[in-house]
Amino acid sequence: MTEMLKILFAVMILFGALLSILSAIGIVRLPDVYTRNHAVSKSATLGVLSILLGTFLYFWIIEGYMNFRVILGFVFLFMTSPVSGHLISRAAYNSKVPLWEKSARDDLKDKEKHAKENMSQ
Numbered sequence: 001m002t003e004m005l006k007i008l009f010a011v012m013i014l015f016g017a018l019l020s021i022l023s024a025i026g027i028v029r030l031p032d033v034y035t036r037n038h039a040v041s042k043s044a045t046l047g048v049l050s051i052l053l054g055t056f057l058y059f060w061i062i063e064g065y066m067n068f069r070v071i072l073g074f075v076f077l078f079m080t081s082p083v084s085g086h087l088i089s090r091a092a093y094n095s096k097v098p099l100w101e102k103s104a105r106d107d108l109k110d111k112e113k114h115a116k117e118n119m120s121q
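Under full-length UniProt numbering, the final residue of the sequence shown carries the number 121; numbering is consecutive throughout.
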């Protein structure tokens, strides 16, 4: 039974490493700041969370040692990474960083126009 659990935890850690590698490739290969930020905030977050969860479960179930620092890292990353990704994208948009020319649509353009109209009234 413990060998199966060790394999499961190793798969979780390797899955997290694979997602982290994919986010690094996304930073290099994607065309603009918005798609790069999306790649990093989604896949790196899930990758690091998978690594931390696999590590935590291994030490808790196999070794009998519960490390609260890993839990705190898990919670901190889960709470801050999506927020920081959103704020970076919002700051880039407000700084007028152009979208990639093949982007399908700009969802915030209409909202920004509507907000300016409401402020002028």
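Read the hints as simulated data drawn from the structure, not as lab findings.
Just so it is clear, CB atoms sit at the ideal spot from N, CA and C, and this is done for glycine as well.
Take the hints with a grain of salt, since some may be wrong.
[As the list claims (entries may be wrong)] For each label pair, taking beta carbons as the anchor points, the in silico distance ranges come out as:
| hint | residue 1 | residue 2 | range |
| --- | --- | --- | --- |
| 1 | L72 | L8 | 20 to 28 Å |
| 2 | L22 | W100 | 16 to 24 Å |
| 3 | K96 | V11 | 22 to 30 Å |
| 4 | K109 | F15 | 35 to 43 Å |
| 5 | M4 | V97 | 31 to 39 Å |
(message) I'd like to know which numbered hints this structure contradicts. Please list them from smallest to largest.
(response) 3, 5
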